[in-house]
Amino acid sequence: KQEVTQIPAALSVPEGENLVLNCSFTDSAIYNLQWFRQDPGKGLTSLLLIQSSQREQTSGRLNASLDKSSGRSTLYIAASQPGDSATYLCAVMLLLILTGRGNKLTFGTGTQLKVEL
Amino acid sequence: EAGVAQSPRYKIIEKRQSVAFWCNPISGHATLYWYQQILGQGPKLLIQFQNNGVVDDSQLPKDRFSAERLKGVDSTLKIQPAKLEDSAVYLCASSLAGSTLYQPYFGPGTRLTVT
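Residue numbers (our numbering), protein chains in the order written: chain A, 1 to 117; chain B, 1 to 115.
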């Protein structure tokens, strides 16, 4: 059974600081890994998707890396801003095509980020 | 492109009552998911549909939860009777079958409070 762990559970940083969020997973046979952002009372917004064959993806101030062999991913946020305050979730996808069960997305418990002025 | 629509956005009921949630996925998305997110936890998959067939419902409490997907488009999730521990946000997502990304798109969720 795939288990996804995120550390830290909560993080508070001053504006402008660079930060790293961590995600680890137990089954390395993943198809892809996604980082999502969730604002209070809102749904999930996809930030970055990394295919299992890729090492990293970048979008603006965000950079996500993937090390499948060690079961780890990191989300790097450069020059953090108060608007980055949200919960960040990582999710890994397994393909269950051989069993005819499509795909399975397993989420971590999230890191709650607060960027203070 | 319109996103995944869900209604209602909020619902408060008493325990032992029934409740139903509705989801309209992105047009053309064959795969539809219902997730339950309890406060402070990550979303947990309840049920996954491929068109109108169930692919995975292994974590759906079938004694009280039911779901259907009419004509492979809209979906409803029902809880009958509700328990206090069902208080959560229920998220619906859809994805394009056949896409190599298998990327799900999420709706805003329905926040259920059971008192």
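Do not take every clue at face value.
[Unchecked claim] To give an idea of the chain A side of the interface with chain B (calculated C-beta under 8 Å), a few residues:
| no. | residue |
| --- | --- |
| 1 | Leu44 |
| 2 | Leu49 |
| 3 | Ser52 |
| 4 | Ser69 |
| 5 | Gly71 |
| 6 | Arg72 |
| 7 | Tyr76 |
| 8 | Leu89 |
| 9 | Met93 |
| 10 | Leu105 |
| 11 | Phe107 |
| 12 | Thr109 |
| 13 | Gly110 |
| 14 | Lys114 |
[Claimed, not checked] Pair by pair, the computed Cβ-Cβ distance ranges are:
| no. | chain 1 | residue 1 | chain 2 | residue 2 | range |
| --- | --- | --- | --- | --- | --- |
| 15 | B | Ile38 | A | Leu95 | 44 to 52 Å |
| 16 | A | Ser70 | B | Arg16 | 41 to 49 Å |
| 17 | A | Thr5 | B | Glu85 | 19 to 27 Å |
| 18 | A | Leu95 | B | Lys71 | 20 to 28 Å |
| 19 | B | Lys62 | A | Ala79 | 43 to 51 Å |
| 20 | A | Asp67 | B | Arg16 | 44 to 52 Å |
| 21 | B | Gly53 | A | Ser12 | 44 to 52 Å |
| 22 | A | Asn22 | B | Gln59 | 19 to 27 Å |
| 23 | B | Pro81 | A | Leu19 | 39 to 47 Å |
| 24 | A | Ala79 | B | Pro61 | 43 to 51 Å |
| 25 | A | Val13 | B | Lys78 | 37 to 45 Å |
| 26 | B | Ile38 | A | Thr26 | 15 to 23 Å |
Derived by calculation from the structure, the hints in this document are not laboratory data.
It should be emphasised that the depicted structure is a prediction, and the values quoted were computed from it without experimental measurement.
In this text, a Cβ means the ideal position worked out from N, Cα and C, and glycines have one as well.
Tested hints:
1. Residue-level restraint check for Leu44 of chain A holds (minimum Cβ-Cβ distance to chain B is 4 Å; threshold 8 Å).
2. Hint on Leu49 of chain A holds. Least Cβ distance to chain B is approximately 6 Å, under the 8 Å limit.
3. At a threshold of 8 Å, the smallest CB-CB gap from Ser52 of chain A to chain B is about 11 Å, leaving the interface hint violated.
4. With a cut of 8 Å, the hint placing Ser69 of chain A at the interface with chain B is violated, because the nearest CB-to-CB distance is about 22 Å.
5. Among the interface hints, the one on Gly71 of chain A is violated; its C-beta lies about 17 Å from the nearest C-beta in chain B, farther than the 8 Å criterion.
6. Residue-level restraint check for Arg72 of chain A is violated (minimum Cβ-Cβ distance to chain B is 17 Å; threshold 8 Å).
7. Checking Tyr76 of chain A against chain B: minimum C-beta separation of about 21 Å lies over 8 Å; hint violated.
8. Hint status for Leu89 of chain A: holds, given a least beta-carbon distance of 6 Å to chain B, under 8 Å.
9. Hint status for Met93 of chain A relative to chain B: holds, with the closest Cβ pair at about 6 Å, below 8 Å.
10. Hint on Leu105 of chain A holds. Least Cβ distance to chain B is approximately 6 Å, under the 8 Å limit.
11. The interface hint given for Phe107 of chain A holds, since its Cβ lies 3 Å from the closest Cβ of chain B, which is under the 8 Å cut-off.
12. Here the hint on Thr109 of chain A is kept, as its CB sits about 5 Å from the closest CB of chain B, short of 8 Å.
13. Contact between Gly110 of chain A and chain B, as hinted, is supported at the beta carbon level, the nearest pair being about 6 Å apart and thus within 8 Å.
14. Checking Lys114 of chain A against chain B: minimum C-beta separation of about 15 Å lies over 8 Å; hint violated.
15. Under the hint 44 to 52 Å, the C-beta atoms of Ile38 of chain B and Leu95 of chain A, about 27 Å apart, miss the expected range.
16. Between Ser70 of chain A and Arg16 of chain B, the C-beta spacing of about 48 Å keeps the proposed range 41 to 49 Å intact.
17. With their beta carbons about 23 Å apart, Thr5 of chain A and Glu85 of chain B fall inside the hinted range of 19 to 27 Å.
18. The hinted range of 20 to 28 Å is satisfied by Leu95 of chain A and Lys71 of chain B, whose Cβ atoms lie roughly 26 Å apart.
19. As the Cβ distance of Lys62 of chain B to Ala79 of chain A is approximately 48 Å, the hint placing it in 43 to 51 Å holds.
20. Distance hint for Asp67 of chain A and Arg16 of chain B: a CB-CB separation of about 48 Å, consistent with the stated range 44 to 52 Å.
21. One distance hint, 44 to 52 Å for the beta-carbon pair Gly53 of chain B and Ser12 of chain A, holds here, with the actual separation near 46 Å.
22. Checked against the hint of 19 to 27 Å, the pair Asn22 of chain A and Gln59 of chain B passes, with Cβ atoms roughly 26 Å apart.
23. Against the hinted window of 39 to 47 Å, the Cβ-Cβ separation of Pro81 of chain B and Leu19 of chain A comes to about 44 Å, which satisfies the hint.
24. Roughly 45 Å separates the CB atoms of Ala79 of chain A and Pro61 of chain B, a value that falls within the hinted 43 to 51 Å.
25. For Val13 of chain A and Lys78 of chain B, the hinted distance range of 37 to 45 Å is satisfied, since their beta carbons lie about 42 Å from each other.
26. Take Ile38 of chain B and Thr26 of chain A: their Cβ atoms lie about 21 Å apart, and the range 15 to 23 Å holds.
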